[in-house]
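K.L.:
Below, each chain spelled out in residue letters.
Protein chains: 2
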Amino acid sequence: MAQKPSIPKGTRDFLPSEVARRNYIIGIIQKHFEHYGYQPIETPSFENLDTLMGKYGEEGDRLIFKILNSGDFAEKVDKAIYEQQDSKSLYPHISEKALRYDLTVPFARFVVMHQNELQFPFKRYQVQPVWRADRPQKGRFREFYQCDADVVGSDSLLQEVELVQLYDTVFTDLKLEGVTIKLNNRKILAGIAEVIGAGDKLVDFTVALDKMDKIGEEGVRNDMWVKGIPQESIDKAQPLFALKGSNAEILDQLSDFLTTSEEGTKGVEELRYITEALDDLGLASCTLRLDVTLARGLNYYTGAILEVAAPEQVSMGSIGGGGRYDDLTGIFGLKDISGVGVSFGLDRIYLVMEELGLFPETLDRALDVLCINFGDKEALAATKLVQQLRRAGMKSEVYPSSAKIQKQFKYADNRNVPYVILIGEQELQQGEFVVKDMKSGTQQSYTLENPEAFIKSL
Amino acid sequence: MAQKPSIPKGTRDFLPSEVARRNYIIGIIQKHFEHYGYQPIETPSFENLDTLMGKYGEEGDRLIFKILNSGDFAEKVDKAIYEQQDSKSLYPHISEKALRYDLTVPFARFVVMHQNELQFPFKRYQVQPVWRADRPQKGRFREFYQCDADVVGSDSLLQEVELVQLYDTVFTDLKLEGVTIKLNNRKILAGIAEVIGAGDKLVDFTVALDKMDKIGEEGVRNDMWVKGIPQESIDKAQPLFALKGSNAEILDQLSDFLTTSEEGTKGVEELRYITEALDDLGLASCTLRLDVTLARGLNYYTGAILEVAAPEQVSMGSIGGGGRYDDLTGIFGLKDISGVGVSFGLDRIYLVMEELGLFPETLDRALDVLCINFGDKEALAATKLVQQLRRAGMKSEVYPSSAKIQKQFKYADNRNVPYVILIGEQELQQGEFVVKDMKSGTQQSYTLENPEAFIKSL
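Order-wise, the sequence lines are chains A and B.
If you're matching positions, the first sequence starts at 1 in UniProt numbering and goes up one per residue.
If you're matching positions, the second sequence starts at 1 in UniProt numbering and goes up one per residue.
Hints are computed from structural coordinates only; laboratory data are not their basis.
Treat the hints with care, as some may be off.
[To be verified] Cut-off 20 Å, straight-line C-alpha distance, at most; resulting in silico cross-link-like pairs (PhoX-like, lysine-lysine):
1. A:Lys436 <-> A:Lys384
2. B:Lys377 <-> B:Lys404
3. B:Lys335 <-> A:Lys4
4. A:Lys79 <-> B:Lys88
5. B:Lys79 <-> A:Lys76
6. A:Lys79 <-> B:Lys76
This is chain A alone, in the form it adopts within the complex (with noise of 0.2 Å):
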């Protein structure tokens, strides 16, 4: 019996339509990648599983897609391990491989391996499927695109400058318009922790601000006494939950703040010659905006913090993000070599566009041109047109049999083509082609022999 097909949870089919919105999105961010001096890199889908495991925390480890071995793996595995019954124990014996869980940890292992021939600074970008044996959900998938721009080997911060342009061309390329490029520093969280007192709870207590968004003033300052910041502490932290004004204006109040502490202060440095160059430069259509409360898992990032929000209408989270991180290739042996680089999410902002209608309505055409068959010698003389067609760049086809002219129709606008050609037997005779404009119904004819005055009409 035949089997009923389906896909694994959390995996998609992607339909040509689809397809079409993925490629126009990615074509987008490629092209500017490009424009901004960032060259293309492919790491392949698996990599040793020991480059992978204990980089993305226990959470991380446990969500990474391992392979099993080939060949005869089964009786390799000592049988006092089986018994064991316990697959953290297990898994080591039967698989050496994993999925990428992201495009970072393989790209600081491809600059290690490739130092020698890679110019530094060196500029790649990456667009590739990453996977993650997360528990599915809307618009969270297991096998998901990244798309990453990333600088190594330059600790200017006209990178930070510059990816923010980047952010900014991008969005505006894709003429969705509102977007809000959110920026922090881990320097000015350090800073504040500092201040305030707390200097070592810095991780739960960026983590507490970073819910801002979500539960609010009383819930951050619930959330850092639960964690066992002292009160005095968190009302230390006040004047954070009431900082105002424009990005300048925000920068004078941290630095009265943060007066006290050098690393706060250094962060505030940082922002200012970020945010001051990016007045000189402007933006087209994004806004730039400071946010104290912003850390996105900061162990990651040592110096600028990225993160992008979607227009205000659309509810959504964060379409992109990303930050400098000091010492990633340091891991795999190649120490003092700062990066910097941003994501783009490329599934949310396909479900933005989406739902602001942004995407154009050519690419639902995924055919320009198609020639009704009348039969074996109409349909030769129509492959001899369509020929010319497609040398002229258009889309273009012969239905393949000579069906029923309605069948053929139905066809015709199902697949949404404008053109539709005719060729029959008194066509062929006086050396002619029929093009019917599908939209207007209006008819024209011009000769087999001169395809071209066809071409130019459009």
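For this one, chain A is given, so just place chain B on it according to the hints.
P.N.:
Same frame as chain A, now just chain B:
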């Protein structure tokens, strides 16, 4: 201690210049897929194990990469199964997903699952990686891309004609001259086996015949004999080894030879239609050659069989292949859907293009303009200029730090940049920028107000 990084055997990292070359080939293939009316789809990297197993023969089953179940997979397995220490018994209990092995079976699964959302005939293309646990060797990898175009739901021979044209169009556009497209038909092979009285040994017969290129006539005869094909049958097959002349002449000889076989005669008719249509339409750079020894894993194909041979001066196996299959979707419950398709071998095409020096030089240019960084103020002016160059489609960047000029020029050299822009203190005061042509060494000044003058000069 830091890990010394490596990647799994049979996988590859791609450096920017390699990605550019691969994307050049893929871009041309995709462009023509679309001109020919094929639409892109994408399927998940992993499928349910039972979708893939049993579709590629016993050897194929073994080469499929299986993914370990996530969560506590180990404790769910019966101890008795562990005790067998047998991989084949164990894996179904700890793995329910596997990486796709080709694009054809997932496509068949896709067609069945989405049959109500598709227009038939459905022309799809798919360019995605596949994975095989093959022993890695030169030109064979464990992860590689397939580029497939297939039509399902039409048994018209016009599709075969068009697929040959498609090959011709792509290889002509790649400027890869001297490609031979070999054509056969399973009905011819079945007819020959029938005529020589070896109808019950069809597979052995064709497997032997398929080796003609490698082991010659004597070897093939010997191989047939070893496989138990009677000497009398082998002798009867003699005329096949002496087929000569144009495609039309070969068809005449085949027609005579197969006159007593209905199936064989049908095969001759089909090939005659295809070759005559293509004679009429003409090929731009490829040669179409009938080859009765061509089999390509016969059990798959039911009609046309296609294989593409690289130009003779390059020693490389086939760089593409395909054919007609009449019941691929049947295994998933959708009967009587005829399909025909072709595949492009990206890795081998790449090697051939490289050996023949056919990649355009422009692919090595990842950056059009580098602005030298003379300090914060100058760099900001350069960033403003670069914004405008990028808008004009130029890949451009500012060197991120005000490093020594020599170092910055060396970076420009290494990145193969044709134009270096200088905005020093003096230029900034005068509102100018200097463009140095790195090939000729000449310099030219333009005003910062009007960078259009530079853009237009290119």
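K.L.:
Tell me if the straight-line CA distance from lysine 79 (chain B) to lysine 76 (chain A) falls inside 20 Å.
P.N.:
Holds, at about 16 Å.
K.L.:
Lysine 335 (chain B) and lysine 4 (chain A) were given as a pair; does the straight-line alpha-carbon distance stay at or below 20 Å?
P.N.:
Roughly 13 Å between the alpha carbons, so the hint for lysine 335 (chain B) and lysine 4 (chain A) holds.
K.L.:
Could you grab the alpha-carbon distance between lysine 436 (chain A) and lysine 384 (chain A) and see if it respects the 20 Å cut-off?
P.N.:
Since the Cα atoms of lysine 436 (chain A) and lysine 384 (chain A) sit roughly 18 Å apart, the hinted pair holds (cutoff 20 Å).
K.L.:
Keeping to a limit of 20 Å between CA atoms, is the pair of lysine 79 (chain A) and lysine 88 (chain B) held or broken?
P.N.:
With Cα atoms ~17 Å apart, lysine 79 (chain A) and lysine 88 (chain B) stay inside 20 Å; holds.
K.L.:
Is lysine 79 (chain A) close enough to lysine 76 (chain B), meaning Cα to Cα at most 20 Å?
P.N.:
The hint holds at about 16 Å.
K.L.:
Next pair to validate is lysine 377 (chain B) with lysine 404 (chain B); report whether the Cα-Cα distance is within 20 Å.
P.N.:
holds, 16 Å
Checked against the numbered hints given earlier, the structure satisfies every one of them.
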